[in-house]
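Start from chain H and add chain C according to the hints.
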Amino acid sequence: MNPEIGHYALVLALAVAILQTVLPIWGARTNDAALMRVGPSLALAFCGFVALSFAVLVVAYVTSDFSVLNVVENSHSLKPLLYRITGTWGNHEGSMLLWALVLAIFGATVALFGGNLPARLKANVLGVQGSIGVAFIAFLLLTSNPFTRVIPAPAEGNDLNPVLQDIGLAIHPPLLYLGYVGFSVTFAFAVAALIDGRIDAAWARWVRPWALGAWAFLTLGIAMGSYWAYYELGWGGWWFWDPVENASLMPWLAGTALIHSAVVMEKRDALKVWTVLLAILAFSLSLLGTFLVRSGVLTSVHAFATDPTRGVFILGILVFFIGGSLTLFAARAGNLRQGGIFAPISREGALVLNNLLLTAAAAAVFVGTLYPLALEATTGAKITVGPPYFNLTVGALMLPVVFAMPFGPLLAWKRGDLPGAAQRLMLAFLIGLAAAGAAAYAESGGPALAPIGIGLGAFVILGAIIDIAERSGLGRVPAATAFARFRGLPRAALGAALAHAGIGICLLGIVAETSWNSETIVGAKVGDSFAVGRYELTLARLEPRTGPNYRELAGVFDIRRGGASVGTIESSKRLFTARNMPTTEAGIRTFGLSQLYVSLGDELPGGGLAIRAYWKPLVTLIWIGAVIMALGGALSLSDRRLRVGAPKPARKAVAAARPVAAE
Amino acid sequence: MLLWLAISLMTGAAIMAVLWPLRSRAGDGVSDGQADLAVYRDQLAEIERDRASGLIGAAESEAARNEVARRILRVAGAEAAERAAGGADRRRRVAAVVALIGVPLFAGGLYFALGSPQLDGQPLAARLDAQPSGADVAILVRRVEEHLATNPDDGRGYEVIAPVYMRLGRYEDAARAWQNAIRLDGSDVRRQNGLGEALLAQSGGVVTAEAKAAFEAAQAADAKDPRARYFLGLAAEQDGRPQDAAAIWSALAADTPADAPWQPMLAAALARVGAPAAPAPGPSAEDVAASQQMSAQDRDAMIRGMVDRLSQRLAEKGDDLDGWLRLMRAWNVLGEGAKARDAAAKARVQFAADGQALGRIDALARELGLGS
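Protein sequence lines, in the order shown, are assigned to chains H and C.
Residue numbers 1 to 663, in our numbering, belong to the letters of the first sequence in order.
Residue numbers 1 to 372, in our numbering, belong to the letters of the second sequence in order.
Just chain H, with the same shape it has in the complex (with noise of 0.2 Å):
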């Protein structure tokens, strides 16, 4: 298909945007139907264009037609298949046009699924929707054109870099945009209800949907990165609290106070500005995340862009959507109605208490990631804020969330009983307890907190457990009734415990990992064997290959524990030639819900491949429990049912019902 009707639909998508931005919040400011009604052709005709445009690149990048600079820049006519198809968001302009295209698929997702909003509210949506689109195909257009042709067209490109070939850039990006663009949703939501003036529980009930997805999307997308760097990188390593690792924390973490503020909000008409507060932050940090990544500001394995006058481009996006949404923030907070009051010590209490903690996190993770830029920018002095310094903050601050997280929802709404739910969940504190004896008691050695941090992980996923069996009635009412109780209670509620347990087993993975992981460095030449964790490896043989467009040197070891075989695991070293480019391909091997780890080092002087073997005890619970978390979220996701805060009438009936009108 000839690249220039990718072009052309790229410029009519410009265009389309610009009426979608004008015309529906035009219908909006003066009630009128016709040109409200205009907002969701217009999202739809957005999303088509948009789309063509992706498909007309993927076609170029599938066909190989190098008369495309983007094409000729980042693919090779030998590349298989699949890496042909996802180099085509394998670098900067690509990558922006998938963001435009997750843009424009949830633009045409809330014309097409919007029905049940209120107009008003709707084309304000799809207007804010609208200026995002526009700000975005014109950075596209402007500054990272992927259309650009090239004449004498080359017959060879210059390769992917090969870092990216890998089934992980099929994956990661596209969720990691859906949870960013995601975010885009509920912030033209918040905006909307600024423009408006005019947000109750209603519109939490709205929004909720769209917060959850993307946050559920943000979760998967942040958990293959960290599992593909895990793999690709060839250290071992699973987090590195990397910026652009942080840039995608940031918005989670924003994300994760959102969908809990929400859930106060929609049941008992509370926190309202904060909750736009709070979808404003998620989108303005997914932001932020896409220009570290983008503007090359920062030097990471994700920067494949290096360009400033795209850097002040996205400046100035930045600016005018995070500047714009909190002037407007600011100038029409203070006329929100506030409603529904409550004892600190109840439900909402709790998510309070969460979202002071996640967001004091999140702002952590922001001084972290920015202040060495800044102060590199001031005064040229170059600090590097490391680990040490995220453990230690985001770690204090997470600690006290995951410890009271299986409180809170055993809490009632309005006022509730705390002796009450630590009466309940005593039972997963002495076996959170007993299981933090038993690790310390199983592998001396490993830091002193491992122990804790095991007993916590414990703790989060048997108090999930003990919230639905209260729910259910187990143990009160008898077996039948607790299970047609179970099988009626919400999704919702299901889906918060499922996601609170996997938290639980995130955190095991976590801390065994850290605390008990082993590592072997060593020499070896074939035929030498050594010990990892249990195991012992021996290099039986390296084999040279060669892949459709790279060079292989691959290791084969034989494990044996306890001198009985287990199996073999291979790792290998490629050198791409295009690029002349090397990347390591660890071998991983998994055991239950450990796995072995073996990556290639360099040749090394006296014959012999430097070597680096890990054990990784748990380290699979890291990923399986992010999956729980998504699983926990699209669960409350199917609950299309809404509900209310059943609040617990208070013994002087007269305060409860007493509405609080500001705040």
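Any given hint could be a false lead.
[Unchecked claim] Label pairs and their calculated CB-CB ranges: (1) H/78 with C/342: 28 to 36 Å; (2) H/80 with C/267: 39 to 47 Å; (3) H/80 with C/223: 39 to 47 Å; (4) C/209 with H/563: 41 to 49 Å; (5) H/379 with C/96: 50 to 58 Å; (6) H/167 with C/209: 42 to 50 Å; (7) H/151 with C/338: 39 to 47 Å; (8) C/9 with H/170: 25 to 33 Å.
[Stated by the list, open to error] Which residues of chain C face chain H? A few of them, derived with a C-beta cut under 10 Å, are: (9) 68; (10) 75; (11) 325.
[Claimed, not checked] What the simulated footprint calls covered on chain C by chain H, stretch by stretch (three residues with Cβ under 8 Å from a Cβ of chain H suffice, anywhere in the stretch; the number is not a length): (12) 91-99; (13) 217-227; (14) 330-342.
Calculated from the structure, these hints are not laboratory results.
Owing to the predicted nature of the structure, the values given are computational and were not obtained by experimental measurement.
Where a beta carbon is used, it is the ideal one built from N, C-alpha and C, also for glycine.
Frame of chain H, contents of chain C only:
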């Protein structure tokens, strides 16, 4: 043509996205109040469900219902205030005009500023399947490369592709190709000079030790080779030995005919190292004038030689219209009106069947005043 069709269709779709929803004025959107009420009614039903299944007690459900009921009352109060503003027809007209005129103007204008509508897609497979023609040099190079990948011992192939690499600016590849040619077919002047120049280009004009070795090998094969001698002089100059450079270049100048294409470059190099442009004794004023005279004549002779060659080529193979036109012009410039007329006549015979070509020949003849 297909592109223009696609562009028109897409533009039409974008316009329709605005016009279609505008076609009727009737408001069928959900009002704020209706939507809120739907949610609150749902919330009431939910409380009832929870109470029925025993999730919450009667007292709790009563309190929750009261809270929701208050929200419903609030909505009912606000509902009455909603009213559409006037002027709907004017707004619809504005929107329609913007869509009909603004969209094509904006999209068309921006696209013509950014796009390349004259270019077609060029998928690699189609380019590789196309008949070999001189147009797509990149593909020709790729074919040779593929041939060399399967026949890595074809020295001739490397020798063919190396100068092409040089022209494309792929100096590293050129150097490698020359090295392969030397490895397979042995060292000779041409190959060693090619290698030296590729290395020189790669290092941005610095004669590296490797490049110098190549030029020395070329000189060893042919002591008189001017190219190798020139670059060896350059190497001496860059090494900080201007006397040696001057000596090498002066010797070269002595062997160089005055009309050699590299003569000006050599003279400039000699001037740079402060040596006279020609071997001592220095030329007298008359000599200089004479040489200028000579070279003007030489230049004339050279041009005539070229024109004669063109004439010969056209006599053998006359289907090159542009060649004929060039020949007519050239003879005319050299003051050979008869020969120019002769060329025009021959061209007319050659293109007797081609009206357009005859037109161009006649037009040029008129322009040159050759008569017809």
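Hints not upheld, ascending by number: 1, 2, 3, 4, 11, 13, 14
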